[in-house]
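J.: Chain by chain, the residues run as shown.
Protein chains: 2
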Amino acid sequence: MSFRHGLRLLYSQLSVFSRELNRPWCRYISSSLALSSEKRATDFNSLVARTNTCGELRSAHVGQEVTLCGWIQYQRQGLFLVLRDFQGLTQIIIPQDEAHSHVKKVLYDAPVESVVRVTGTVTSRPPGQKNPRMPTGDIEVKVKTAEVLNSCKKLPFEIKDFIKKSEALRMQYRYLDLRSFQMQHNLRLRSQMVMKMREYLCNLHGFVDVETPTLFKRTPGGAKEFVVPSREPGKFYCLPQSPQQFKQLLMIGGLDRYFQVARCYRDEGSKPDRQPEFTQIIDVSDVFRSVEIGFVQNAVNKPQGTVKAICIPQGARHLQNKDFEALKESAKSQFNQEVLHLILKPDESLKSPLSKFLSEEQQSELIQALKVQADDVVLLAAGEHEKVCLVLGNMRLESANLLELRGLVLRDPTAFHFLWVVDFPLFLHKEENPAELESAHHPFTAPHPSDTSLLYSEPAKIRSQHYDLVLNGSEIGGGSIRIHNAEQQRFVLETVLKEDPELLSHLLEALKCGAPPHGGIALGLDRLICLVAGAPSIRDVIAFPKSFKGRDLMSNAPDYITPEELEPYHIQVAWPAAEAEANKN
Amino acid sequence: MSFRHGLRLLYSQLSVFSRELNRPWCRYISSSLALSSEKRATDFNSLVARTNTCGELRSAHVGQEVTLCGWIQYQRQGLFLVLRDFQGLTQIIIPQDEAHSHVKKVLYDAPVESVVRVTGTVTSRPPGQKNPRMPTGDIEVKVKTAEVLNSCKKLPFEIKDFIKKSEALRMQYRYLDLRSFQMQHNLRLRSQMVMKMREYLCNLHGFVDVETPTLFKRTPGGAKEFVVPSREPGKFYCLPQSPQQFKQLLMIGGLDRYFQVARCYRDEGSKPDRQPEFTQIIDVSDVFRSVEIGFVQNAVNKPQGTVKAICIPQGARHLQNKDFEALKESAKSQFNQEVLHLILKPDESLKSPLSKFLSEEQQSELIQALKVQADDVVLLAAGEHEKVCLVLGNMRLESANLLELRGLVLRDPTAFHFLWVVDFPLFLHKEENPAELESAHHPFTAPHPSDTSLLYSEPAKIRSQHYDLVLNGSEIGGGSIRIHNAEQQRFVLETVLKEDPELLSHLLEALKCGAPPHGGIALGLDRLICLVAGAPSIRDVIAFPKSFKGRDLMSNAPDYITPEELEPYHIQVAWPAAEAEANKN
Numbered sequence: 121m122s123f124r125h126g127l128r129l130l131y132s133q134l135s136v137f138s139r140e141l142n143r144p145w146c147r148y149i150s151s152s153l154a155l156s157s158e159k160r161a162t163d164f165n166s167l168v169a170r171t172n173t174c175g176e177l178r179s180a181h182v183g184q185e186v187t188l189c190g191w192i193q194y195q196r197q198g199l200f201l202v203l204r205d206f207q208g209l210t211q212i213i214i215p216q217d218e219a220h221s222h223v224k225k226v227l228y229d230a231p232v233e234s235v236v237r238v239t240g241t242v243t244s245r246p247p248g249q250k251n252p253r254m255p256t257g258d259i260e261v262k263v264k265t266a267e268v269l270n271s272c273k274k275l276p277f278e279i280k281d282f283i284k285k286s287e288a289l290r291m292q293y294r295y296l297d298l299r300s301f302q303m304q305h306n307l308r309l310r311s312q313m314v315m316k317m318r319e320y321l322c323n324l325h326g327f328v329d330v331e332t333p334t335l336f337k338r339t340p341g342g343a344k345e346f347v348v349p350s351r352e353p354g355k356f357y358c359l360p361q362s363p364q365q366f367k368q369l370l371m372i373g374g375l376d377r378y379f380q381v382a383r384c385y386r387d388e389g390s391k392p393d394r395q396p397e398f399t400q401i402i403d404v405s406d407v408f409r410s411v412e413i414g415f416v417q418n419a420v421n422k423p424q425g426t427v428k429a430i431c432i433p434q435g436a437r438h439l440q441n442k443d444f445e446a447l448k449e450s451a452k453s454q455f456n457q458e459v460l461h462l463i464l465k466p467d468e469s470l471k472s473p474l475s476k477f478l479s480e481e482q483q484s485e486l487i488q489a490l491k492v493q494a495d496d497v498v499l500l501a502a503g504e505h506e507k508v509c510l511v512l513g514n515m516r517l518e519s520a521n522l523l524e525l526r527g528l529v530l531r532d533p534t535a536f537h538f539l540w541v542v543d544f545p546l547f548l549h550k551e552e553n554p555a556e557l558e559s560a561h562h563p564f565t566a567p568h569p570s571d572t573s574l575l576y577s578e579p580a581k582i583r584s585q586h587y588d589l590v591l592n593g594s595e596i597g598g599g600s601i602r603i604h605n606a607e608q609q610r611f612v613l614e615t616v617l618k619e620d621p622e623l624l625s626h627l628l629e630a631l632k633c634g635a636p637p638h639g640g641i642a643l644g645l646d647r648l649i650c651l652v653a654g655a656p657s658i659r660d661v662i663a664f665p666k667s668f669k670g671r672d673l674m675s676n677a678p679d680y681i682t683p684e685e686l687e688p689y690h691i692q693v694a695w696p697a698a699e700a701e702a703n704k705n
Numbered sequence: 121m122s123f124r125h126g127l128r129l130l131y132s133q134l135s136v137f138s139r140e141l142n143r144p145w146c147r148y149i150s151s152s153l154a155l156s157s158e159k160r161a162t163d164f165n166s167l168v169a170r171t172n173t174c175g176e177l178r179s180a181h182v183g184q185e186v187t188l189c190g191w192i193q194y195q196r197q198g199l200f201l202v203l204r205d206f207q208g209l210t211q212i213i214i215p216q217d218e219a220h221s222h223v224k225k226v227l228y229d230a231p232v233e234s235v236v237r238v239t240g241t242v243t244s245r246p247p248g249q250k251n252p253r254m255p256t257g258d259i260e261v262k263v264k265t266a267e268v269l270n271s272c273k274k275l276p277f278e279i280k281d282f283i284k285k286s287e288a289l290r291m292q293y294r295y296l297d298l299r300s301f302q303m304q305h306n307l308r309l310r311s312q313m314v315m316k317m318r319e320y321l322c323n324l325h326g327f328v329d330v331e332t333p334t335l336f337k338r339t340p341g342g343a344k345e346f347v348v349p350s351r352e353p354g355k356f357y358c359l360p361q362s363p364q365q366f367k368q369l370l371m372i373g374g375l376d377r378y379f380q381v382a383r384c385y386r387d388e389g390s391k392p393d394r395q396p397e398f399t400q401i402i403d404v405s406d407v408f409r410s411v412e413i414g415f416v417q418n419a420v421n422k423p424q425g426t427v428k429a430i431c432i433p434q435g436a437r438h439l440q441n442k443d444f445e446a447l448k449e450s451a452k453s454q455f456n457q458e459v460l461h462l463i464l465k466p467d468e469s470l471k472s473p474l475s476k477f478l479s480e481e482q483q484s485e486l487i488q489a490l491k492v493q494a495d496d497v498v499l500l501a502a503g504e505h506e507k508v509c510l511v512l513g514n515m516r517l518e519s520a521n522l523l524e525l526r527g528l529v530l531r532d533p534t535a536f537h538f539l540w541v542v543d544f545p546l547f548l549h550k551e552e553n554p555a556e557l558e559s560a561h562h563p564f565t566a567p568h569p570s571d572t573s574l575l576y577s578e579p580a581k582i583r584s585q586h587y588d589l590v591l592n593g594s595e596i597g598g599g600s601i602r603i604h605n606a607e608q609q610r611f612v613l614e615t616v617l618k619e620d621p622e623l624l625s626h627l628l629e630a631l632k633c634g635a636p637p638h639g640g641i642a643l644g645l646d647r648l649i650c651l652v653a654g655a656p657s658i659r660d661v662i663a664f665p666k667s668f669k670g671r672d673l674m675s676n677a678p679d680y681i682t683p684e685e686l687e688p689y690h691i692q693v694a695w696p697a698a699e700a701e702a703n704k705n
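In order, the protein sequences belong to chains A and B.
121 is the number of the first residue of the first sequence in my numbering; add one for each residue after it.
121 is the number of the first residue of the second sequence in my numbering; add one for each residue after it.
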């Protein structure tokens, strides 16, 4: 059979799942494979047994007979209950007459969070009992028949309290956590945002959605990649950190305008965030060049040394000494970095442990350089350039948090501020050996067109065509124009980076075969959606996140595998000495 | 920073890539993140340097100045060339006057498959030179300026000949193969089909696109799963064969109406296809119960024994003796199964090596049972029920192939016939130990509602709520209503299947927590799109397929990894004895 030419390692399936009782909807799907692109409103009640969702009924529905399915949110003394589904809550009135005693018993006995189906009539709530804070608060449903579809055991907590429970418990019972309003909202928002992106790219701009393999060859320097043993002894696949090489190969293959919502696998935490606000820190090294403070002198006399400061306007009105101590303590414990604070008093004098070391002239120079005004606070750090920037960027965020705790509104949570970061260096000096260069991002980034001539003479000075996109201070994506010339790519790999170009021979070969100039961008969806949803953590926009240590607390993955089960992959566990010893005894 | 709570193992990114020269399009993307859902026509020329694609220009464009980018398909004596991109071909006229000698030289020297950018004026082709078979055949572009963006080395073959080259060569140079019209068409069709499915599910029916993890726990009996060593000694993740458990957990989590285009990882070939046409084979065991032929007698006297036949209407008019011999030989070599043929002659007598063993009464009984008419051919097989069905299903397809080679049209390649296969058994007798039962599909499938009572008494007789969807004879998907009752699930695992329910304790626990009745379907996208595209192999609808042995012939994955590189994963290669010996010497 032609479609089974060989071993299938990786394939895609469209997986569709629903709460469902009957089978007719399957026929519906097959008859709809000739898909209509006609624009209609979303119908949440197609294919299923309910007539309406629990968030849908309004005064206009009064008098209609409806069937609802959902979870029992709570039930009061056999009089009424509140039914919940993904769309909202509806109040259900339990009949009290003898003829409906069976219905009353069924609903009275059903534990909270049981799944029930009820049929009844939509009625107006009596005057004074309408709930304007509830979208369905004008109506209630008088039940005629009810069925418990699945009973729920006593839960270790109530769903509505769940948000207060420990992270570990939430992860272990993730399926209960998913029932919360917030998780339902976030996951649906994510689905809709990604759909809008697809419509924009695919329908409006003719991009092609191409799936690239996730079982690939190890990339040079890919120390953080997961390895996957194959059935050939000693041979391994890798889970790629990104579709890096494939997207270049697609461009070379003429698949103009590619996009993909891709999984990326990295066996590590992500890099610390670059804080683009650093550009707003003002450098005051010159003021301090002749100041007689030991650590300041140490700093400004080193090649990468600097003294920098940030200003918190009107900080003295809202922050107290204990706040400054807390900030300094945080800088010390997180970064092992001293931070000093200065306050400009209304009489224009500087209040600071530092002021006695500064001449009056230096003080006024500092005030001018930082444009300090009365009641402003200055936080100052001296040391190695990058570290000082990192610490002060952090101090800036922590100060903002403190001020917002005092009731100030500094950051509008509903505003979205985008920022492009450009002109990154193409290469960096290696930390362990500054005489050698490494790629600032990856070896495929093209040099800045104005700097290309420097590639062969002073590669350390060259800017790259890399760009980062920042939203409200967080990096949400990055990309680059790539090298499309095989000789230039070989030069970067071999001569600048001293890497073995043979490891990338397939890419070098491809670049020789008519590779068009190309580039792109990748957005980190988790973080972007986290920012848009206003969620505190990316775990709140991922259905099944891993824990801090990469564990799945629900199923307890990763887990042990027997030596017999490892045999087909030709690997065995190399136990660390201590554990091997323990196993022996 | 709140969004970096922990180790990130798996995350999604939206990856966008394009042939591109300038950077302004990046700004375009960020300014468009507030996405408009306004319906517009697809614009293939946004964000890039070209004004038109190579498939776009018509008589209406005559007189316009245009910029095109593409690959040189061929070039003739410095007079004209044909430029190709993903949308088509455009003829480019090279200027012959002295003032444009530079342009002429640039284009004359550029090898085939080089990437060029040309700017010029659209003109009508001279009378008699229009090409009606080419969508852009009415026009040509008179070039004013030209630039080679990337030169191409001499290729080992021409792109247009490529389809004839060996599979291995096509895989090694996959990026060249992708430039073919057929691959461009197939991958774009795939993208559009998946987009339509998404619009249908997401926009019209309110389904939620949820990404589930691909690093998970090993499932019981998951012998064909890939394992991924973690950094905890002895602990492994698995790449799941499907999002099986996660979609159930999503239903329990209230994520009503889930869908996902999911990657599935199986370390094996797929199961042989069930041939749903088997239902059309007619059983003739009764006719042969008293027939004195050894292998027929053997067959009908066994518990699973049967005699079955298929009829090829008018077969005798188109098929000859050597065809019947070929069919029989195929059944013998592929399945070790005897097949006999009978022909009903116009005089109503049966022509067959078999006819001497059949009484006149038996002959007419057979003719009646099979509704055989003059010139029809009957193929008959006796043996074990399942094997006979498999062989005759195969004979049916092979006969159809033979008849179509003779010019008959039996299967309309443009027609799509869908078929549901239902009422599968829930359990099968294990081949190696028929006293024990195994799941026909997987242990989560619910029993047929009419058969549920048999679960506790005669589980082998129970039908399942599994269903398969078949398109033009190929299985393209399957699904089931799942068990939502924890006690029923435990009974199936523990009592019927004799498996350790503790391995699935997280699922059993979840079923107790208010699991709604639920079910779904998964479509195999590769095969479905293969059928719709009319492609001979699923490799023609996958950008980067693996070879027969699971190899990536372009990058040579999987590949060896040094023992040092394996150290962080606490594994070492267990070399088979022979290779370990060879390595030693």
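It should be emphasised that the hints constitute simulated quantities derived from the structure, not laboratory data.
Treat the hints with care, as some may be off.
If chains are identical, the list can't say which one is meant, so a pair holds when it fits in one copy or spans any two.
As a list, the in silico BS3-like pairs of lysine-lysine whose alpha-carbon atoms are at most 30 Å apart [to be verified]: (1) Lys264 with Lys581; (2) Lys355 with Lys344; (3) Lys669 with Lys355; (4) Lys250 with Lys225; (5) Lys476 with Lys264; (6) Lys316 with Lys465; (7) Lys274 with Lys618; (8) Lys264 with Lys452; (9) Lys264 with Lys344; (10) Lys669 with Lys344; (11) Lys632 with Lys669; (12) Lys507 with Lys316.
J.: All hints, please: hold or fail.
T.: A quick look at each hint next to the structure:
Taking the closest pair of Cα atoms, Lys264 and Lys581 never come within 30 Å of each other, the shortest separation being 79 Å inside a single copy and 38 Å across copies. Taking the shortest alpha-carbon separations for Lys355 and Lys344, both the intra-copy value of 18 Å and the inter-copy value of 17 Å come in at or below 30 Å. Taking identical chains as interchangeable, the C-alpha atoms of Lys669 and Lys355 lie at most 30 Å apart whether they share a chain (27 Å) or sit on different chains (13 Å). For a Cα distance limit of 30 Å, the shortest separation of Lys250 from Lys225 inside one copy, 27 Å, qualifies, whereas the shortest one across copies, 83 Å, does not.
For a Cα distance limit of 30 Å, the shortest separation of Lys476 from Lys264 qualifies neither inside one copy, at 84 Å, nor across copies, at 72 Å. Neither within a single protomer nor between protomers do Lys316 and Lys465 lie at most 30 Å apart by alpha-carbon distance, with minima of 52 Å and 66 Å respectively. For the homomeric pair Lys274 and Lys618, the shortest alpha-carbon distance between copies (28 Å) is at most 30 Å, but the shortest distance inside one copy (63 Å) is not. For a Cα distance limit of 30 Å, the shortest separation of Lys264 from Lys452 qualifies neither inside one copy, at 67 Å, nor across copies, at 65 Å.
For the homomeric pair Lys264 and Lys344, neither the shortest alpha-carbon distance inside one copy (60 Å) nor that between copies (51 Å) is at most 30 Å. In this homomeric assembly, Lys669 and Lys344 come within 30 Å of each other (Cα to Cα) both inside a single copy, at 15 Å, and across copies, at 27 Å. Taking the closest pair of Cα atoms, Lys632 and Lys669 come within 30 Å of each other only across two copies (28 Å); inside a single copy the shortest separation is 43 Å, beyond that limit. Proximity of Lys507 and Lys316 under a CA criterion of 30 Å is satisfied in neither setting, with 40 Å inside one chain copy and 50 Å between copies.
The earlier numbered hints that this structure contradicts are 1, 5, 6, 8, 9, 12.
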